[in-house]
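Protein chains in written order, with my numbering: chain A, 6 to 334; chain B, 2 to 306; chain C, 277 to 558.
Because the hints were derived from the structure by calculation, they are not lab data. In this text, a Cβ means the ideal position worked out from N, Cα and C, and glycines have one as well. A portion of the hints provided could be inaccurate.
Reference excerpt, derived from the structure (chain A facing chain B, CB under 8 Å, subset only) [as the list claims (entries may be wrong)]:
(1) Phe-33
(2) Leu-62
(3) Ala-89
(4) His-156
(5) Phe-246
(6) Ile-275
Examples of chain C residues lying across from chain B (beta carbon under 10 Å, computed) [as the list claims (entries may be wrong)]:
(7) Val-403
(8) Pro-503
(9) Trp-507
Each chain, written out:
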Amino acid sequence: MALLEVEELTVRLATARGPADAVRGVSFSLDRGQTLGLTGESGSGKSMTALAVIALLPEGARATGRVLLNGEDLLAASERRLCAVRGNRIGMIFQEPMTALDPLHSVVRQVAEPLRLHRGLSAGAARAEALRLLDRVRLADAHRSAAAYPHQLSGGQRQRVLIASALACGPDLLVADEPTTALDATTQSEILDLIAELVDEDGMALMLISHDLGVMAQNVTRTLVMYGGSIVESGPTEAVFSRLAHPYTRGLHAARPRLGVGRGKRLAAIPGTVPEIADLPPGCPFAGRCPLTIAACSAAIPPPLPVGPGHAARCIRLEAALTLPKAAD
Amino acid sequence: MFLATLIGASVVIFVVLEVLPGNAAQTMLGPDATPQTVAALAHKLGLDRPPVERYVSWIAGLAHGDFGLSYAYGTPIADLIENGLAVSLPLALLAMLLTTALALGLGILAAAHHRRLGDLGAMTLSQVGIAVPNFWLAILLILFFAVRLRWFAAGGFPGWDAGVGPALKALVLPAVALAAVQAAILTRVIRAAVLDVMREDFVRTARAKGLSRAAVLWRHVLRNALIPVVTIMGLQFANLVAGTVVVENVFYLPGLGRLVFQSIANRDGVVVRDAIMLLVVMVVAVNFLIDILYLVIDPRLRARR
Amino acid sequence: MSGLAGHSRPSVFRHPSLAVGAALTALFVLAAALSLVWAPHSPFDIDVPHKLAAPSAAHWLGTDAFGRDVASLLLVGAQNSLLVGVVAVAIGLIIGAALGLLAAAMGGFPEDLVMRLADFAFAFPAVLSAILLAALFGPSVLDAILAIGVFNVPVFARVTRAAARGVWTRDFILAARAAGSGTLRISLEHILPNILPGLTVQATIQFATAVLAEAALSYLGLGTQPPQPSWGRMLNDAQTLMFQAPQLAVYPGLAIALAVLGLNLLGDGLNDLLDPRLARTR
Numbered sequence: 006m007a008l009l010e011v012e013e014l015t016v017r018l019a020t021a022r023g024p025a026d027a028v029r030g031v032s033f034s035l036d037r038g039q040t041l042g043l044t045g046e047s048g049s050g051k052s053m054t055a056l057a058v059i060a061l062l063p064e065g066a067r068a069t070g071r072v073l074l075n076g077e078d079l080l081a082a083s084e085r086r087l088c089a090v091r092g093n094r095i096g097m098i099f100q101e102p103m104t105a106l107d108p109l110h111s112v113v114r115q116v117a118e119p120l121r122l123h124r125g126l127s128a129g130a131a132r133a134e135a136l137r138l139l140d141r142v143r144l145a146d147a148h149r150s151a152a153a154y155p156h157q158l159s160g161g162q163r164q165r166v167l168i169a170s171a172l173a174c175g176p177d178l179l180v181a182d183e184p185t186t187a188l189d190a191t192t193q194s195e196i197l198d199l200i201a202e203l204v205d206e207d208g209m210a211l212m213l214i215s216h217d218l219g220v221m222a223q224n225v226t227r228t229l230v231m232y233g234g235s236i237v238e239s240g241p242t243e244a245v246f247s248r249l250a251h252p253y254t255r256g257l258h259a260a261r262p263r264l265g266v267g268r269g270k271r272l273a274a275i276p277g278t279v280p281e282i283a284d285l286p287p288g289c290p291f292a293g294r295c296p297l298t299i300a301a302c303s304a305a306i307p308p309p310l311p312v313g314p315g316h317a318a319r320c321i322r323l324e325a326a327l328t329l330p331k332a333a334d
Numbered sequence: 002m003f004l005a006t007l008i009g010a011s012v013v014i015f016v017v018l019e020v021l022p023g024n025a026a027q028t029m030l031g032p033d034a035t036p037q038t039v040a041a042l043a044h045k046l047g048l049d050r051p052p053v054e055r056y057v058s059w060i061a062g063l064a065h066g067d068f069g070l071s072y073a074y075g076t077p078i079a080d081l082i083e084n085g086l087a088v089s090l091p092l093a094l095l096a097m098l099l100t101t102a103l104a105l106g107l108g109i110l111a112a113a114h115h116r117r118l119g120d121l122g123a124m125t126l127s128q129v130g131i132a133v134p135n136f137w138l139a140i141l142l143i144l145f146f147a148v149r150l151r152w153f154a155a156g157g158f159p160g161w162d163a164g165v166g167p168a169l170k171a172l173v174l175p176a177v178a179l180a181a182v183q184a185a186i187l188t189r190v191i192r193a194a195v196l197d198v199m200r201e202d203f204v205r206t207a208r209a210k211g212l213s214r215a216a217v218l219w220r221h222v223l224r225n226a227l228i229p230v231v232t233i234m235g236l237q238f239a240n241l242v243a244g245t246v247v248v249e250n251v252f253y254l255p256g257l258g259r260l261v262f263q264s265i266a267n268r269d270g271v272v273v274r275d276a277i278m279l280l281v282v283m284v285v286a287v288n289f290l291i292d293i294l295y296l297v298i299d300p301r302l303r304a305r306r
Numbered sequence: 277m278s279g280l281a282g283h284s285r286p287s288v289f290r291h292p293s294l295a296v297g298a299a300l301t302a303l304f305v306l307a308a309a310l311s312l313v314w315a316p317h318s319p320f321d322i323d324v325p326h327k328l329a330a331p332s333a334a335h336w337l338g339t340d341a342f343g344r345d346v347a348s349l350l351l352v353g354a355q356n357s358l359l360v361g362v363v364a365v366a367i368g369l370i371i372g373a374a375l376g377l378l379a380a381a382m383g384g385f386p387e388d389l390v391m392r393l394a395d396f397a398f399a400f401p402a403v404l405s406a407i408l409l410a411a412l413f414g415p416s417v418l419d420a421i422l423a424i425g426v427f428n429v430p431v432f433a434r435v436t437r438a439a440a441r442g443v444w445t446r447d448f449i450l451a452a453r454a455a456g457s458g459t460l461r462i463s464l465e466h467i468l469p470n471i472l473p474g475l476t477v478q479a480t481i482q483f484a485t486a487v488l489a490e491a492a493l494s495y496l497g498l499g500t501q502p503p504q505p506s507w508g509r510m511l512n513d514a515q516t517l518m519f520q521a522p523q524l525a526v527y528p529g530l531a532i533a534l535a536v537l538g539l540n541l542l543g544d545g546l547n548d549l550l551d552p553r554l555a556r557t558r
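Input sequences plus hints: build the corresponding full structure.
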């Protein structure tokens, strides 16, 4: 049994224009010690998927399908049970380290909070353990910074604090939603290296969400590409990046910012914009923006078609897609 | 800042009450007094000295607790004010306490039930509470709890010598009348502040740690929401003090407000001046305490000092 | 998008507080207007033999301690509240808006000065100012109007300055500047019209506060003087008769509460309707 099994997850949101699906029938599984990445543009449903896994969807959102953690369906679990799982079996890191910490509590207290809650540690013991964790995430001058308040720390340091608090109870699964997007480039790679190191040491599973294909390529063994709420391509990271089987993956790859290419010179940017979830076309969500669109694309959502071992793409024009030009590396 | 406010207020009070009307002694004695008696009183009160000198000696007196003698009663004003404070201060504190308790309860209820029945109920109640004048509510409370049910006296104050129980009992209805309006306003402020904070990222972080909704509310949201709430409470205290003047008159409580009132009727300008100055000092003092409270609540402000 | 006629309802129904507020306010204004030309009885007619009469066909709400018709007193009282409210808010609005516009236009020291003065004035609620004035000149309705008006000045100064500063940063102001318009001209021709919706909302709410303050001052004997009917004064009279005629303490209070509720709801509703993003201080 896999650690995490997501089956036919659908998340319906109440938008200003009526109910619409932000996640549409997403399935994947993740084992202990494995790393999995979710990528796609904003609005692709990757963050909603992450929030559904930790059962913290925004108000008014409704999830159907199954999210099994160690065989227990979190979508059917009571709120009480979920509180016992969150921060304990699943740790989560968010995008904005600047605002993700409570400005009125000291850093060490915020790291100690899940320890007191889930392990029932005394204030003193939780504090000692929190200090050890802050040391472990290499918070600069940990013993002095521990008493500091969030506003006294830099973004990178705050993200270290958030990582320490997410890992406090030794979770089975770490969900990191764009953990480095708000940080500068040097800090980004430091934080990603830290996450990789900690995940490796503790034998956790990692679910990493990022719009940045470079982050995917370097940090996860398996990549899911999402578009319009569906997984359009999934496979071993290396295979996904070498084949670029789905036209959307190919477009995303071509559109990524690279060194030496000026901002205005995005030769192969994807035409059009991500449609609002209420405006998604029937059939393949990428139809219309895709250069290979034919009438059949709009008939039904394409099934996942095998591309290689453990590698599949939802596209009925896979052969044609492989002939599309790749961006020169 | 607070010192500047106090000095400003004292100058305004002094100028308005002592300089503008010309002869305070005339005001005290009434239009029928002979010029001789007016001059004699003016001399006795030191009114023939230059205004700046009188202002300085007034402030110096206040600083030493020497408020002078009441013209109408012939007793030291300090005693009159002390007696008044013994009623007004507990009344204001009790009302503030009630206001905070009521508003916290209703405001949190409304925020927790955002856009549902509890919210609508609390907001309707608050809208009505804002519209009801405190003195009318006071009269209605007297009608119901004193005249009809006879649980409380219709007014008056037994004094603290009668024991803490009876004295506090006499302050209950006035405090409720004062607190209702303030609580109605504060409820809206608390609701808005709590809703604002609940949208913050750190609330989601706390939930991701496994804290329940209620735990997040108590441990993280409330403390953050307190910052704007405390600001409004400071502004409200000035209204509360003004409200005590009105409500003390409804319940015939011998507080500062009533003292000011009777002194106007008695043409006892010195008492009016000192008592109003003291009310202003109370308002400023509370706002000073609130500034200290900010530092306790918010570490970001501590750093800036 | 859904342009079907069946889907678009009149905006009043989407703003229930606006509808209720407008209705109550209209009732208040109509009562005041009606009292100018007609009332069931003269509110000055003293008829001691028929004092404290129960409601009847002749006296809908009964009579007070002097045999005066309570319904007529209430009607004429509305006129009094309305008048005091309008004048007091006008004083606050005109002086406050002028100061606020000035502060926003000049910035720097004048702005700081106006704002510090506004801070300072908040320590003086209307009731305290009125007591000071009453101590000075003896109680009168003019004192009350002046005190409430003065209390309103800093409120309007703050709102005006905050809103005006926002408008000053907009592009069309730059254009007007480039066209050679002076500060005063821009303030009056461009800034003022743009902040008018916000000021209207604030004026409605301050009106409610003024009605409450007038009632409180008249109740204390510091506002409207007898025999001019006033809701606050009526409550003062009723309090001495609480055991004999408790109903007399109910009507005037209800009138005040409904008028204030109506104005507040109208202000809230207008705020939602005119500009949901508009910052409102209260």
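Evaluation of the provided hints:
no.: 1; hint: Phe-33; result: violated (21 Å)
no.: 2; hint: Leu-62; result: violated (11 Å)
no.: 3; hint: Ala-89; result: holds (7 Å)
no.: 4; hint: His-156; result: holds (5 Å)
no.: 5; hint: Phe-246; result: violated (30 Å)
no.: 6; hint: Ile-275; result: violated (30 Å)
no.: 7; hint: Val-403; result: holds (4 Å)
no.: 8; hint: Pro-503; result: violated (20 Å)
no.: 9; hint: Trp-507; result: holds (9 Å)
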